[in-house]
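Counting with my numbering, you get residues 22 to 181 for the letters of the sequence shown.
Treat the hints with caution; some may be incorrect.
Stated by the list, open to error - If you anchor each label on the Cβ, the simulated ranges turn out as follows:
| hint | residue 1 | residue 2 | range |
| --- | --- | --- | --- |
| 1 | G171 | V122 | 18 to 28 Å |
| 2 | V122 | P75 | 20 to 30 Å |
| 3 | P75 | F125 | 50 to 60 Å |
These aren't lab readings, by the way, just hints derived from the structure by calculation.
Ideal Cβ positions, reconstructed from N, Cα and C, are used throughout, including at glycine.
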Amino acid sequence: MIRRQPKRLLLFAGIVGAIFAGACNDNNNMVTGPLPTATQTPVPGAPTATPTPPGAPTATPAPAERIVDVGQGGGNTFADQQSGGSTTTITAGTTVRWVWVSGFHSTTSGTCSTVCTPDGAWDSGAGSGMTFSHTFNQAGTFPYYCTVHGAMMTGTIVVQ
């Protein structure tokens, strides 16, 4: 009988231990105190980020584009979509895109008085249903005309 008591005592101790272990369990999973903050660990050889100063641009803007309708309303006109007129005012670096909406026309750089004279800066060639683009990188005033209609169809690009 002496030998059986240690087994009972051991069994009793195991049951009591299990009860205490269960009582210490916290199923709420709640963290108290200050929350930890994440910090980045630099990776060797990786570029280091530099902060952007206040007021500095954060991204390079997309290149600007202006659209001029060619033959708007079936007429012999160049019509800037923004201003509605035949003069397009832009900043340097802007691309002008001429869009043929009707008729057979061209956009050709140069001047017209009684005779139109191309200056060689650009020439779309005559056609219909097409588009033509030219980027203006320098400030200035750039007259143009339609080779088909001459002085009766002119426009101006003003680059600031």
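These are the hints, each one checked on the structure:
Restraint check, G171 to V122: a C-beta distance of roughly 20 Å satisfies the suggested window 18 to 28 Å. The supplied range of 20 to 30 Å is broken by V122 and P75, whose beta-carbon atoms lie about 45 Å from each other. For P75 and F125, the Cβ-Cβ distance of about 54 Å falls inside the hinted range of 50 to 60 Å, so the restraint holds.
Consistency note: the structure conflicts with earlier hint 2 alone.
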